[in-house]
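Student: Chain by chain, the residues:
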Amino acid sequence: MRPESEEALAGIVRAATGPLRVTGGGTRALGGPGPGAGPAEVLETGGLTGVVLYEPASLTLVAKAGTRLDTIEAVLAAERQRLAFEPPRMERLTGRASGPTGDPAGASTGTSTLGGVVAANAAGPRRIQAGAARDALLGVRFVDGRGQVIRNGGRVMKNVTGYDLVKLMAGSRGTLGVLTEVSFKLQPIPPAAATLILPDAGAGRAVAAMTAALGSPYDVTGAAYVPGTGTLIRVEGLEASVDYRAGRLAVDLAPLGVAVRESEPARVARLWRDIGEVAAFHDRPGAVWRVSCRPSEGAEVARRLGGEVVMDWGGGLVWALWPEGEDIRPRLAGLPGHATLVRGFGAPALPPEPEPVARLSRALKAQFDPRGLFAA
Amino acid sequence: MQMPRPDQQVLARKPEIVAALRAVLPADAVIDHPRELKAYECDALSAYRCLPLAAVLPRTTAEVAAALKVCAREGVKVVPRGAGTSLAGGSMPSEDAVILGLARMNRVLEVDFDDRFIRVEAGRTNLSVTGAIEGEGWFYAPDPSSQLACAIAGNIGMNSGGAHCLKYGVTTNNLMGLTLVTMQGEVIELGGPFLDAPGLDLMGVICGSEGQLGVVTEATLRILRKPEGARPVLVGFPSAEVAGACVAAIIRAGILPVAIEFMDRPCIEATESFCGAGYPDCEALLIIEVEGSEAEIAEQIGLIRALAQGFDPVEFRESRSEDEAKRIWLGRKSAFGAMGVMGDYMCLDGTIPVSSLPAVLGRIGALSDEFGLKVANVFHAGDGNMHPLILYNANAPGQLELCERLGAEILKLCVEVGGCLTGEHGVGIEKRDLMTVQFGPLDLEAQMRVKDVFDPAWLLNPAKVFPLEVSAGRRAGQTRAGQTGAGQTGAGQTRGGQDAA
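First to last, the sequence lines map onto chains A and B. Residues 1 to 376 in my numbering are what the first sequence spells out, letter by letter. Residues 1001 to 1501 in my numbering are what the second sequence spells out, letter by letter.
Hint data in this document are derived by calculation from the structure and do not stem from the laboratory. Among the hints, erroneous ones may be present.
[Stated by the list, open to error] Distance windows between CB atoms, simulated: (1) A:Pro255 to B:Leu1303: 33 to 43 Å; (2) B:Ala1149 to A:Arg2: 48 to 58 Å; (3) A:Gly202 to B:Arg1107: 33 to 43 Å; (4) B:Gly1473 to A:Pro336: 37 to 47 Å; (5) A:Arg371 to B:Ala1047: 44 to 54 Å; (6) A:Glu41 to B:Arg1107: 52 to 62 Å; (7) B:Ala1295 to A:Thr49: 40 to 50 Å; (8) A:Pro255 to B:Glu1322: 28 to 38 Å; (9) A:Arg2 to B:Glu1294: 55 to 65 Å.
From a predicted model like this one, the values you see are computed outputs, not experimental measurements. Every residue, glycine too, gets a C-beta built ideally from N, C-alpha and C.
Please work from the sequences and hints to get the whole structure.
Tutor: What follows is the structure, encoded as structure tokens:
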């Protein structure tokens, strides 16, 4: 089902008698179809498209949830603005790039939508400085499990009027309702960016370099480690400022390696797109895990896993390529954080929640979706 | 302003309730003498006052849980309180409620510069969080004007902002984890020194829930290295509208200063006679702060100067020393105090799209003339968070009501142009009855369902945020759910019997 309006979508939900699986582009679905994903009717949001309001001078955008991410990014780029949290494309990593027929779960168009970005609370390398989708999201409209249209938040940058259901919807993965419209705070695209690349000297040295960079006053907007490539540190801003900060960082990090500086805009953009999309794991067999941990423990996570990893967020995000079928969580026991199975089988995709939290989450789900229509 | 009639059963059982609290808390943690309770009769919305039933001042999360369990069992309402600096009445008590104050929970529990966080007890004041780490060159970014006094617990309750949130975000963007005690006394840990746990973002909805979902006792906060330097410039303009247009132009040009503050003539004049900051004689001024090294600061100020020149400023003043920088900020930081000297004022907090600033400033001026009350504007212009201050005389009959009516008109205007009722102060009791201007019945119902989950009996800060008639049924259910036994305080009375406070 692919409704063309919010009213039609609400009507579908009200009339539904069995489970619905809500999907935008289907590119961020976790795990695999697996035994748990019983029969559910697919409800696509791709029919709800278009920019509702774009005010560059207010740094705000309102758009229908089914609007393609690439469409929005083109609209913003024309005004030299962007989504600060740089949502990565996941279809190459999740193996859901080939459209509806190629996707075993049956619900991918291979093209990310704004609603999917929000539902997954997507975030790229700039997460450490500018936050995730949740932090840029100003307002939502959604259809809850009763088929009612709910509004929350708005389109201004500061808003504490009533409860922040905007945060609750971000990352809820379609379990509370169907997003129909989202509004974002935007960021001007700075005129310059540079990336320092320190030679690969292992995960431990990489974390040390990233920690030093993020503990500096130089406003780092990216800190990642890609084995074989090295440790990458990004700064952005006005031309002279970027030059100054990159220079100071290179000096400060010298004990950890001699940095090469990349300042060519297209190459800098490419480096960080590849980190966000975990290009190192594209077209590679195996399961993909995403571990969020204390940044200083990133190297310890890598050591315990022993396999191939890519680190982002200064060590606080570890991507691991792992044999299918094994749950890595027992190996990480005792380390604060959580592991999500992004691609693969044989383990629950989402980490289990401790009981008091799980009970509250179940109760919230029951409030917004009392008939249990929206499958996880 | 209406408050529900107090629960007579609870009032009658005060001695038993106090005894039950004393049984689980240290002797000095329970206050019930009216003289001592006076300190808790209001917050910074001091036009409204009410002595609470009792106050408890726990020292640990376990004591908070013990106190809440007693109150839940006894069916007694609880009003959480950080430092009591709410401008919206967020911690204003009711006669039948226990104040749960966190002032004694103010320790730093953990500092980690490698993982860039600090974990504190939530009663700690905002500024003293930075105080614990600034020696090493770090700071906690959200900086509400009351930061010397206000507590992290209240910052989380109201999702507080500040002057520098244009760059660094508000509380919710800097909160990594928290310990919450539910009304039932259950202790829950959310988040931690890592980012973005999967599952529902409970922390996100607790932040800004005005103490209605639970009591936050500990918080893990993101900390940042201080920039190498910061410097303000002051730009004076011939009209408020032109100043507003300059703000929009700066944002549009892609320059993102850490702060853009706005003051209009009434406010400038008040601060001049209060502290003599030496501001230019003009209709409006902007204070724009930029950060970085000397060269970076110079680069940004050069761009801002070039842009501002296009708006024929009365003056463009750069600070060339630490002392001059302080003088530029002096008037802005004294603004609320200066207005207080001039008389009584009501501080609004509506937020609007930045592009609407010039038009809204014009319409506020017209409303001010229409109502015959002076309005001074001082606010965070970069993010559209306005602070119109309505001046009135509390001793003149009818002036408070007139002032509240004008305030409501201004807030409705904010909503009309695409904004909201409150950008950083919260709804509390102050804007509770205007919620229907911004939200439809279903929108409010969805929010109240969240409270139903965390606090099914509606005992935590229940008469706030939602219009009384909208929450009446739920609050009445609370009375039934409590163990007061007799039906005298039942649904009909709570729903129908609302008295003026």
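Student: 37 to 47 Å was suggested as the range; check whether the CB atoms of glycine 1473 of chain B and proline 336 of chain A agree with it.
Tutor: holds, 42 Å
Student: Assuming the hint says 33 to 43 Å, is it satisfied by the Cβ distance from proline 255 of chain A to leucine 1303 of chain B or not?
Tutor: holds, 35 Å
Student: Quick one: are alanine 1295 of chain B and threonine 49 of chain A within 40 to 50 Å, going by C-beta?
Tutor: holds, 45 Å
Student: Falls inside 52 to 62 Å, the C-beta gap from glutamate 41 of chain A to arginine 1107 of chain B?
Tutor: Holds - the Cβ-Cβ distance for glutamate 41 of chain A and arginine 1107 of chain B, about 53 Å, lies within 52 to 62 Å.
Student: Is the hinted range of 55 to 65 Å satisfied by the C-beta distance from arginine 2 of chain A to glutamate 1294 of chain B?
Tutor: holds, 57 Å
Student: Tell me if the beta carbons of arginine 371 of chain A and alanine 1047 of chain B are separated by a distance inside 44 to 54 Å.
Tutor: holds, 46 Å
Student: Does the Cβ pair glycine 202 of chain A, arginine 1107 of chain B satisfy 33 to 43 Å?
Tutor: About 38 Å separates the Cβ atoms of glycine 202 of chain A and arginine 1107 of chain B, which means 33 to 43 Å holds.
Student: Does the beta carbon distance between alanine 1149 of chain B and arginine 2 of chain A stay inside 48 to 58 Å, or does it fall outside?
Tutor: Because 54 Å falls inside the window, the suggested range holds.
Student: Between the beta carbons of proline 255 of chain A and glutamate 1322 of chain B, is the distance compatible with 28 to 38 Å?
Tutor: Between proline 255 of chain A and glutamate 1322 of chain B, where Cβ atoms are some 33 Å apart, the hint holds.
Consistency with the previously given hints is maintained throughout, with no hint failing.
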